[in-house]
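Take these sequences, add in the hints, and give me the full structure.
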Amino acid sequence: MGSGAEQRGGAEPAAQAQELGAGATASGAVDDASTAPTGRRTRLYITVLLGVAAFAYALDLVSKLIVVAKLEYHAPIDILGDWLQLRATRNAGAAFGMGQGLTIVLTVIAAGVVVVILRLARKLDSLPWAIALGLLLGGAFGNLTDRIFRAPSVFEGHVVDFIAPKHFAIFNLADSAIVVGGCLIVLLSFLGLQPDGTRDGADAAEDTDTDTDAKADAADEGTTGESAAPTTTGPGAT
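Heads up, the sequence shown is in numbering that gives the first Met the number 0, so the first residue is 0 and it goes up one at a time.
Read the hints as simulated data drawn from the structure, not as lab findings. These figures come from a predicted structure and were not determined experimentally. Errors might be hidden in some of the hints.
Simulated DEER-style distance windows between Cβ atoms [as the list claims (entries may be wrong)]: (1) Cys182 <-> Leu79: 16 to 26 Å; (2) Val185 <-> Thr46: 41 to 51 Å; (3) Leu79 <-> Thr197: 38 to 48 Å; (4) Ala68 <-> Leu190: 34 to 44 Å; (5) Arg89 <-> Gln193: 33 to 43 Å; (6) Val61 <-> Asp81: 20 to 30 Å; (7) Val115 <-> Asp77: 13 to 23 Å; (8) Ile76 <-> Thr37: 21 to 31 Å; (9) Gln193 <-> Val153: 33 to 43 Å; (10) Arg198 <-> Pro164: 30 to 40 Å; (11) Val61 <-> Val113: 13 to 23 Å; (12) Arg198 <-> Ile103: 14 to 24 Å.
Think of the CB as a built atom: it goes at the ideal place given N, C-alpha and C, for glycine as much as any other residue.
Have a look at this one:
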């Protein structure tokens with residue numbers, strides 16, 4: 000009798016330890032499983048960001064090379080009469096001719112924008128944000144290239160502009176990419192979507208509760224099989 004009681008007493012803590020160990024293992028497996036797809040998605044969205052940036056930068060660079068070679072010092076080309084023309088000009092300021100005389104300051108700001116975008120990309124988990132940041136990055140690089148390498152001097156270069164709507168400032172494709180990317184970021188922020196894929200307010204709380212419930216269910220499933228195993232007692236148990 001005493002021998003059986005001692006065996007049961009020793010078996011119960013062992014079974015509890017097994018259940019706790021199984022629960023911890025299941026929880027760790029769930030965390031690893033949830034983290035791995037997030038890492039893969041982040042790499043995918045960074046690839047999208049860089050692809051969009053490269054495309055926007057290439058379009059801007061090629062268009063400026065063509066404009067400088069074929070249009071500078073020539074008469075404007077009418078696209079929609081005098082409502083829209085292609086007219087080569089050099090801009091010492093920011094987008095749409097703003098900030099004249101602040102070329103060096105604008106160069107530093109553009110470089111800072113590039114650094115901020117690259118830092119945000121490390122936690123990126125949203126396709127719309129990847130596209131928006133890619134447009135901003137490509138546009139910033141496009142105009143930054145002009146400021147660094149074009150006349151009159153390094154970091155004081157004048158940006159090539161050539162799209163000339165009637166009664167509006169002349170701009171280029173880099174400016175267009177920056178504006179579209181900026182408008183998309185404003186829209187995403189208004190909708191409460193963050194670069195890491197989370198949402199503000201009630202939506203964020205709901206998503207957190209859903210993730211917590213899913214992890215708890217997975218952990219319960221992992222421990223069920225372990226706790227269902229019968230406990231073996233000695234031959235003297237009653």
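Against the structure, the hints come out as follows:
| no. | hint | in the structure |
| --- | --- | --- |
| 1 | Cys182 <-> Leu79: 16 to 26 Å | 23 Å, holds |
| 2 | Val185 <-> Thr46: 41 to 51 Å | 24 Å, violated |
| 3 | Leu79 <-> Thr197: 38 to 48 Å | 44 Å, holds |
| 4 | Ala68 <-> Leu190: 34 to 44 Å | 43 Å, holds |
| 5 | Arg89 <-> Gln193: 33 to 43 Å | 39 Å, holds |
| 6 | Val61 <-> Asp81: 20 to 30 Å | 26 Å, holds |
| 7 | Val115 <-> Asp77: 13 to 23 Å | 40 Å, violated |
| 8 | Ile76 <-> Thr37: 21 to 31 Å | 49 Å, violated |
| 9 | Gln193 <-> Val153: 33 to 43 Å | 37 Å, holds |
| 10 | Arg198 <-> Pro164: 30 to 40 Å | 37 Å, holds |
| 11 | Val61 <-> Val113: 13 to 23 Å | 20 Å, holds |
| 12 | Arg198 <-> Ile103: 14 to 24 Å | 40 Å, violated |
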